[in-house]
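K.L.:
Whole structure, please, built from the sequences with the hints as guidance.
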Amino acid sequence: MSRKASISAREFETQAIAQLSALLGVASRLTRNPADAQDLVQDTLLKAMRARDQFESGTNMRAWLLRILTNTFINRYRRGGLERSVLDGPDADPLADGWISASTMESMRDPESQALRPMLEQEIKRILDELPEEFRLAVVLSDVEELSYKEIADIMGCPIGTVMSRLHRGRRLLKGRLYEHARALGIVGPEALVGDTSEKQEPVIDLAQYREKRVARS
Amino acid sequence: MTSSCRNISPLLEAFGDEELAADKLLEVEQHLVDCNTCGERVRLNQALHVSVRSAVRAAAPVMPGFEERIAAALRAESLREESIDQAVEHEAQHSRMLSWRSVVPVAAAAALTLVWAASTSKQQVQSAGTTSEAHLTTADRLLEELVDHHMNARGPRVTEPALLSQLEPEVGVPLNLPSLKAYGARWEGANVVPVSNQHAASLRYVMGGKHVTLYVYNSTRVPIESRLTARTVRNNEHVYVGTRRGVSIAAAEHRGVGYALASDFSDDESAELVAAVY
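Each protein sequence line maps, in turn, to chains A and B. Using our numbering, you'd call the opening residue of the first sequence number 182 and step up by one each time. Using our numbering, you'd call the opening residue of the second sequence number 140 and step up by one each time.
Since the hints were made in silico from the structure, they are not lab data. Hints may contain errors.
Said to hold, decoys possible - These stretches of chain B come out as covered by chain A in the derived footprint (C-beta under 8 Å, 3 or more residues): (1) 170-184; (2) 205-215; (3) 276-290; (4) 299-309; (5) 404-416.
Claimed, not checked - Just the calculated beta-carbon pair ranges, DEER-fashion: (6) A/Arg191 x B/Leu302: 27 to 33 Å; (7) B/Met290 x A/Pro215: 37 to 43 Å; (8) A/Ser238 x B/Arg214: 20 to 26 Å.
Claimed, not checked - The calculated DSS-like cross-link candidates involving lysine-lysine, where the alpha carbons are at most 30 Å apart (straight line), are: (9) A/Lys228 x B/Lys320; (10) A/Lys306 x A/Lys331; (11) B/Lys163 x A/Lys331.
Quick reminder that beta carbons are idealized off the backbone N, C-alpha and C, glycines included.
P.N.:
Structure representation (structure tokens):
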């Protein structure tokens, strides 16, 4: 009763090695540690090798490997599962899309200086690492690996609507923190409320102030 | 934000992710023609998308040697699979031969072979003897190496059971930690030791103040049983035992994985212990 794999060991090795960079990128953001990330990728590929007869030829090998990687991470590195308590709570960040003007958004997306780019990358990496795990994973799978909502839902074991919600909340947190960063660097100035002012009487000019008011109200 | 923006805004992320249904796509595109604020939202989302991708990829380059490490691990796994497949195939063939319908013709063939063998030249007999001796010498050498590693054990490379799997690629067989707690043994850690041209995992335990080493290896590549004495323990399980330089060695095989236990205990105790590890 020999193994009946749909893909030979040699073929699997070739295809898996081609996905190393993608797997390492996601593993690094999950573990936040290069050595752990390399171990996670190795564990993932060995598991995938043993289970390769379950891989459906013609489907997305990268998405399949990422699903194994995510499960391995949850089972081995975080036995308690992902940070669901954080996810189930209210939004931690109050920044809403309508609060930033078009000119501020333009300044944020184009700091007009290549010199700022490495700093921005570091900042994005830091902010990403601070995001709750499930937001971080959704953002990385979508923005870095460019997987579809359906593929991300399969990997994360949740409905597509949940993927959209996690993506939205993760990106909103990212934008909010980048806005603070851009303000600290002087790339954008204090922002007045824009858009439909009839609903919001008090212009929110600073996130710290907003939080203070929010705490005071609660 | 206009009321139109309020309707369109929730769709902009899915628009950027190319996940919008065709009718909504048209609606968003028409809105973007006239609305600079929503257009800027889309561009900010795109900029963020590109920045995140660039930041993540820059932060995790594939380091030199990592690809080779993975390739070696996958090849070791492939070899392990092959050896298990061969062992399973061998077992299947063996069990097929046990059918009584096969016994008569096989016995007849064996008798003919014996007659033929008795009439062959002396040279052939000598050749067979030499092969057998070479086999025994290999087993002796392997046993000596296992005893050496037991008596001169290095510090453990792994002390967390969860990390034991990291040694699997080198050893080429799955590694699960037998607790042996029922015998009062405490696990100290694991290492990988060379045994001739192969590698075995060396799991060290302390039991009653004495050290016990459990070797785990690919049984087809580390054949030591031929120089040990067969014995049946527990529920008809076959193990092999013997003593070298005062060290008791008990060996067993299960699904292509070999286990050899080296200790200062008696052969009976070693045999009992090795039968308890799988």
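K.L.:
Next step is simple, just say for each hint if it's right about the structure.
P.N.:
Tested hints:
Evaluation of the coverage hint for the segment 170-184 of chain B: fulfilled, as 8 residues show C-beta separations to chain A shorter than 8 Å, against a requirement of three. Using a Cβ-Cβ cut-off of 8 Å, 8 residues of the segment 205-215 of chain B lie near chain A, which meets the minimum of three, so the contact claim holds. Given a C-beta distance limit of less than 8 Å, the hint that chain A covers the segment 276-290 of chain B is violated, as 0 residues qualify and 3 are needed. A count of 5 residues in the segment 299-309 of chain B with a Cβ less than 8 Å from any Cβ of chain A is obtained; the coverage claim is therefore met, three being the minimum.
With 0 residues having a Cβ less than 8 Å from any Cβ of chain A, the segment 404-416 of chain B misses the three-residue criterion, and the hint is violated. Between arginine 191 of chain A and leucine 302 of chain B the C-beta distance comes to about 29 Å, which sits within the given range of 27 to 33 Å. For methionine 290 of chain B and proline 215 of chain A, the Cβ-Cβ distance of about 38 Å falls inside the hinted range of 37 to 43 Å, so the restraint holds. Separation of serine 238 of chain A from arginine 214 of chain B is about 22 Å and conforms to the stated range, judged on CB atoms against 20 to 26 Å.
Distance restraint check for lysine 228 of chain A and lysine 320 of chain B: the Cα-Cα separation of roughly 29 Å lies within the 30 Å cut-off, and the hinted pair is therefore satisfied. Between lysine 306 of chain A and lysine 331 of chain A the CA atoms are separated by roughly 25 Å; this keeps the pair inside 30 Å, and the hint holds. The straight-line distance between the Cα atoms of lysine 163 of chain B and lysine 331 of chain A is roughly 19 Å, inside the 30 Å bound, and the hint therefore holds.
Figure legend: structure checked against the earlier numbered hints; hints not met, in rising order: 3, 5.
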